[in-house]
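**Student:** Here are the chains, one letter per residue:
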Amino acid sequence: MSLTKEDIQHIATLGRLECSAEEQEQFTKQLSSILEYVTQLKEVDTSGVSYRYQVDGLENVRNADEVAVCDPSTHANILHAFPDRVVDLLKVKGIFEG
Amino acid sequence: MALNMQTVREAHEGLTKKEFSCNELVQECFDQIDRVDETIHAFLAYTREQAFARATAVDEKIAKGHTIGHLEGVPLAIKDNILISGVQATAGSKILGNYIASYNATVIEKLEKEGAIFLGKTNLDEFAMGSSTENSAYGPTKNPWDTSRVPGGSSGGSAAAVAADECIASLGSDTGGSIRQPAALCGITGLKPTYGMVSRYGLIALASSFDQIGPFGKTVEDVAIVFDAIKGVDPHDSSSGRASSDPVLAHLRRGVKGMKIGIPKEYFIEGIDADILKCVEDAIQEFQRLGAEIVPVSLPHTKYALATYYVIMPAEASANLARFDGMRYGHTAQDTRNLIETYVKSRSEGFGAETKRRIMLGTYVLAAGYYDAYYKQAQKVRMLMTRDFNEAFLHVDCILTPTSPSAPFIFGERTHDPLQMYLADVFTVSANIAGIPGMSVPCGFVTRGEKELPVGMQLLGKHFDEVTILAAGHAYQQATDWHTRKPTIVCL
Numbered sequence: 000m001s002l003t004k005e006d007i008q009h010i011a012t013l014g015r016l017e018c019s020a021e022e023q024e025q026f027t028k029q030l031s032s033i034l035e036y037v038t039q040l041k042e043v044d045t046s047g048v049s050y051r052y053q054v055d056g057l058e059n060v061r062n063a064d065e066v067a068v069c070d071p072s073t074h075a076n077i078l079h080a081f082p083d084r085v086v087d088l089l090k091v092k093g094i095f096e097g
Numbered sequence: 000m001a002l003n004m005q006t007v008r009e010a011h012e013g014l015t016k017k018e019f020s021c022n023e024l025v026q027e028c029f030d031q032i033d034r035v036d037e038t039i040h041a042f043l044a045y046t047r048e049q050a051f052a053r054a055t056a057v058d059e060k061i062a063k064g065h066t067i068g069h070l071e072g073v074p075l076a077i078k079d080n081i082l083i084s085g086v087q088a089t090a091g092s093k094i095l096g097n098y099i100a101s102y103n104a105t106v107i108e109k110l111e112k113e114g115a116i117f118l119g120k121t122n123l124d125e126f127a128m129g130s131s132t133e134n135s136a137y138g139p140t141k142n143p144w145d146t147s148r149v150p151g152g153s154s155g156g157s158a159a160a161v162a163a164d165e166c167i168a169s170l171g172s173d174t175g176g177s178i179r180q181p182a183a184l185c186g187i188t189g190l191k192p193t194y195g196m197v198s199r200y201g202l203i204a205l206a207s208s209f210d211q212i213g214p215f216g217k218t219v220e221d222v223a224i225v226f227d228a229i230k231g232v233d234p235h236d237s238s239s240g241r242a243s244s245d246p247v248l249a250h251l252r253r254g255v256k257g258m259k260i261g262i263p264k265e266y267f268i269e270g271i272d273a274d275i276l277k278c279v280e281d282a283i284q285e286f287q288r289l290g291a292e293i294v295p296v297s298l299p300h301t302k303y304a305l306a307t308y309y310v311i312m313p314a315e316a317s318a319n320l321a322r323f324d325g326m327r328y329g330h331t332a333q334d335t336r337n338l339i340e341t342y343v344k345s346r347s348e349g350f351g352a353e354t355k356r357r358i359m360l361g362t363y364v365l366a367a368g369y370y371d372a373y374y375k376q377a378q379k380v381r382m383l384m385t386r387d388f389n390e391a392f393l394h395v396d397c398i399l400t401p402t403s404p405s406a407p408f409i410f411g412e413r414t415h416d417p418l419q420m421y422l423a424d425v426f427t428v429s430a431n432i433a434g435i436p437g438m439s440v441p442c443g444f445v446t447r448g449e450k451e452l453p454v455g456m457q458l459l460g461k462h463f464d465e466v467t468i469l470a471a472g473h474a475y476q477q478a479t480d481w482h483t484r485k486p487t488i489v490c491l
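Respectively, the protein sequence lines represent chains U and C. Position 40 of the first sequence, counted from 1, bears residue number 39 in numbering that gives the first Met the number 0, the numbering being contiguous throughout. Position 414 of the second sequence, counted from 1, bears residue number 413 in numbering that gives the first Met the number 0, the numbering being contiguous throughout.
It should be emphasised that the hints constitute simulated quantities derived from the structure, not laboratory data. Note that the Cβ used here is the ideal one computed from N, Cα and C, for glycine as well. You may find that some hints are simply not true.
To be verified - For the chain C half of the interface with chain U, some residues (derived, Cβ under 7 Å), not all of them: (1) 102; (2) 351; (3) 379; (4) 409; (5) 478.
As the list claims (entries may be wrong) - Computed list of chain C residues with no C-beta within reach of chain U, every gap over 12 Å: (6) 137; (7) 231; (8) 238; (9) 241; (10) 287; (11) 314; (12) 330; (13) 332; (14) 340; (15) 348; (16) 357; (17) 369; (18) 388; (19) 431; (20) 433.
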């Protein structure tokens with residue numbers, strides 16, 4: 000399995016990352032060799048094997064849909080972490096702007 | 000013996016008998032930190048003030064004649080991807096360089112309730128991605144046994160802090176071996192509990208179906224004490240729904256007489272360091288002497304473990320790390336023109352190379368057209384591997400393997416080849432894939448260039464049956480003294 004620089008560029012865009020020319024070169028080589036390694040999974044016969052996304056044996060754990068009060072210190076800490084804000088509101092760049 | 004060199008058990012007994020105060024105990028840990036951590040670099044942050052404040056409270060309680068719990072007043076170190084409210088939590092990443100945790104992880108709430116004392120936050124590979132701490136944005140941790148070598152990872156800081164006696168015990172997290180491998184490389188004991196035994200609430204997620212928090216200690220008994228304190232059902236983590244709250248400590252002394260220990264041939268293969276193999280074989284003989292029955296078993300899909308792991312883990316990681324977008328906390332890129340540029344620049348500036356690699360790998364295997372070939376196939380192989388273990392555990396009580404195929408490596412030896420680095424996890428990832436508990440226990444030393452380097456063996460147990468591997472490890476430590484040896488940096 001060999002990736003091209005264009006593949007790397009495309010994956011980076013999907014992952015919201017940008018790569019320098021040097022990184023692009025490095026990642027092309029490294030990800031190709033990792034993909035080549037994991038391709039050995041194809042030789043395993045998995046016909047008839049059903050699967051899940053976890054192994055804890057639990058299914059559809061539901062919590063009551065209740066409004067919980069956030070304690071004041073957690074509330075203050077969360078606000079404090081905002082990179083930019085107006086009073087208690089998080090300020091971000093416009094969603095629909097070019 | 001200096002107070003910081005004690006085990007949890009010894010510290011507890013000393014405090015109870017008033018042989019020393021909790022303030023003295025905390026002071027001696029910080030003295031050791033001041034002496035060695037400039038070299039070792041196990042810690043990323045210290046919480047001195049809070050530690051001494053809590054020590055004073057414990058001393059007052061003891062002075063009043065109140066009884067104290069096993070962990071009350073015991074100084075611990077916490078991996079820097081576990082949240083302590085009001086304290087930094089960088090996860091070893093630049094993107095969280097300015098982040099102060101806004102709430103306590105459940106394990107922290109539980110340890111605080113027990114009266115444990117936190118000395119600080121320990122170093123790790125960025126977002127727990129790595130096997131050497133070389134991926135930390137804040138510089139690597141050194142192995143206390145030989146500072147030219149890695150301590151293992153990703154929880155290398157927590158392991159080195161215990162090995163260098165900078166604390167009594169510590170917490171790490173294990174996604175593919177990140178507790179067991181550094182425990183082996185630093186010559187201490189480390190437990191990855193069953194998936195779902197310990198709440199992950201407040202652990203910065205790497206791969207959510209693999210991640211588990213667990214303890215490092217100087218003995219199996221200490222690991223059992225901390226494990227008892229942190230496990231149990233937590234409404235904040237639905238996967239903890241089947242966790243037991245029965246203390247394991249009471250069952251530690253059941254011994255190994257008649258215990259059936261499985262030896263999987265797939266873990267004793269070419270490529271393992273011959274000296275390590277010898278140590279593990281000696282340990283098997285020791286168990287036999289102690290009355291255990293050694294049974295050959297087979298785990299036929301073992302050779303696919305690493306490939307399975309390196310498809311599912313990056314897939315989950317790429318989804319989990321999508322939350323780091325520069326919007327609500329962490330690093331935000333400046334002077335950007337629009338929202339998408341803020342995302343891209345914040346992430347690209349904040350993440351290191353290994354994190355970027357795994358996000359891209361995960362994005363690729365989940366992409367339309369590749370999903371079935373990689374991700375779905377890996378999930379199916381995961382089922383087959385889980386079946387292998389279930390089948391083996393019909394015949395044996397636990398399984399014994401080497402923890403790491405090699406001794407601690409030299410800094411820089413594997414950083415240019417990610418695949419070489421991934422091979423460090425070859426014996427540990429299976430436990431995360433199947434969700435079973437695993438523990439590394441010191442079982443000998445190898446000599447490399449005049450330096451003695453520790454070797455660990457891995458004990459694997461059935462789902463929710465930590466008791467069996469803890470009892471086996473405890474019996475082994477009663478009969479051997481590998482776990483009591485100290486690196487020279489501690490004694491200088």
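**Student:** Are any of the numbered hints broken by this structure? If so, which, sorted upward?
**Tutor:** Result: hints 2, 4, 5, 8, 9, 11, 12, 13, 14, 15, 16, 17, 18, 19, 20 break, sorted rising.
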